[in-house]
Amino acid sequence: MNPNHMVAVHDFSPETLAAVAAHLEASTEFEHLVYREAELDAIWSLTGFAPAQHADAQRLHEAAHRAHDLVGEGWPQEAAALLRAFL
Amino acid sequence: MLSREESELLTRAGPGTAAGDYFRRFWLPALLATEVPAPDCPPVRLRILGEDLVAFRDTEGRVGMVDEYCPHRRASLFWGRNEECGLRCVYHGWKFEVSGACVDMPNEPPEYGLDNKVRIVAYPTREYGGIIWAYLGPAERLPELPKLEWARVPESHRYISKRRQETNYLQAIEGGIDSSHSNFLHASVDAFRVTPDYVEKVKNSSNLRARYHLLDRVPRFTVKKTDYGLVIAVRRNAGEDTYYWRLTQFLLPSHTIIPYQKGLSIHGHCWVPRDDETCWVWTMSWNPEAPLSAEEWKTIREGTFVHADVDPVSFRPYRNKDNDYQIDRAEQRNHSMTGIHGFAAQDQAIQESMGPIVDRTRERLGTSDTAIIAMRRLLLQQMRALRDDQEPFAAHHGAIYWVRSASLLLKRDVPFDEGARDLVAAQV
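Taken in order, these protein sequences are the chains called A and B. According to our numbering, the first sequence is numbered sequentially starting from 298. According to our numbering, the second sequence is numbered sequentially starting from 20.
Rather than coming from a laboratory, the hints here were simulated on the basis of the structure. All figures in this text were calculated on a predicted structure; none of them were measured in a lab. The C-beta atom is built at its ideal place from N, Cα and C for all residues, glycine as well. Be careful, since some hints might not be right.
Cβ pair distances, simulated, as ranges [unchecked claim]:
1. A/M298 with B/T380: 26 to 34 Å
2. A/M298 with B/R320: 49 to 57 Å
3. B/E219 with A/R381: 48 to 56 Å
4. B/L283 with A/A349: 46 to 54 Å
5. B/I369 with A/G345: 20 to 28 Å
6. A/H307 with B/N202: 15 to 23 Å
Covered stretches of chain A, as calculated for chain B (at least 3 residues, CB under 8 Å) [to be verified]:
7. 327-335
8. 340-352
9. 362-375
With the rest of the complex left out, here is chain A (with noise of 0.2 Å):
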């Protein structure tokens, strides 16, 4: 796992989500908390096109703003730990 690297997001699965809160773990430079934003900032966007029956997705929804929030804020450890909430 390589902070310099971004993860594909393309669903909110445990997977992607342990795959980002291990990426957020490891991230202490400005442009690993750049590709760590871009990467919430699809985390938010998927969760927000959920249907609204989707509680966990709009739970999420919630959680990935807050997130990144945090990371931008200087915060990944914060941001990661919101994420292993739904793990």
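Given the coordinates of chain A, work out where chain B should sit on it, guided by the hints.
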């Protein structure tokens, strides 16, 4: 996505705002030198960072940039007489030097000595690379001019234009560094559809961009933070063991250099906030090795590529939102994706369609938006640092701007920053 708070921080550029304070730490392109061509020529109006100014070239050739409004009764100095080393308000005759000092008040008794005490807001200027640059920040923080290659080539080797765009500056930068849009917004219908005719045309073309964009339409984005800003590296599969790389620089606070192919001209932009809802788009084309060719001048004259055809006073493009950018639907059906003539007009049309300040809380970014995310984060970091009294490094180190973009083929195991090292240094 960006929070409303961060979007506000980035987009408001008037006096006393985070972005406004940040831009006020740099020399900014303000006027084409040709707008004030000769001593005592007519003054010109200028709006920049939310401030209304008037510029004039005095009898000795110095360029002054002062508050548009006379401190006496607030009449516009645009109507002023530019004479004998100063700009005189035609309302009551008060006269100001380029330094802002009032040197004559003919309607006041001389014994009051008011003309020694009154000043108008005046900003330092420099003439450099065919542009009048202005510095609107604190006098004790005067920055260095950026050592940009286009500013140092002979005049015959470059062309510079400016146009007024009706969007916030940030939206315009985002358009400039979003390299994936060029495969769509600026494409021909044949290129977009990858027709057999188009494939035949480009498969052996010397234009590497056309050839490799065809082979791989899903590029990978990498960003790297530098002293001057960012390198945005976009990678496409080329041969079995090679990648095609395109490297764009984003230079603080708002310059870019578009990837170029060796032997051709280089193009770049700088975006300067006019106010919160409009910006100046500066476009530079230069050839470090030779004067611009007849073909390049033709492209410039016809507004086909990155330069727009503009009104010479307002600098508003002739193709603008009032006339739907002169869209030609038949052209759109048969030839170009937009039906709008010229890359500059295409960019302007699409960026203005998003509204003056796009609502970034509602956008859905993808991995191809990595450069946009990086640029916003970098500017936010810089603006917050300035609020904590950390001066921007780039503003005081002009030499770090001595870089050039690149596009090249590299073996897959060669990192782009190593493989392109010799190409990304400017060479004038």
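Evaluation of the provided hints:
1. A/M298 with B/T380: 26 to 34 Å: 31 Å, holds
2. A/M298 with B/R320: 49 to 57 Å: Once the Cβ atoms are compared, 54 Å apart, the range 49 to 57 Å for B/R320 and A/M298 holds.
3. B/E219 with A/R381: 48 to 56 Å: 52 Å, holds
4. B/L283 with A/A349: 46 to 54 Å: 52 Å, holds
5. B/I369 with A/G345: 20 to 28 Å: This hint holds: roughly 23 Å between Cβ atoms.
6. A/H307 with B/N202: 15 to 23 Å: This hint holds: roughly 21 Å between Cβ atoms.
7. 327-335: Since 7 is at least three, the answer is holds.
8. 340-352: n = 3 at 8 Å, threshold three: holds.
9. 362-375: Satisfied; 4 residues make the cut.
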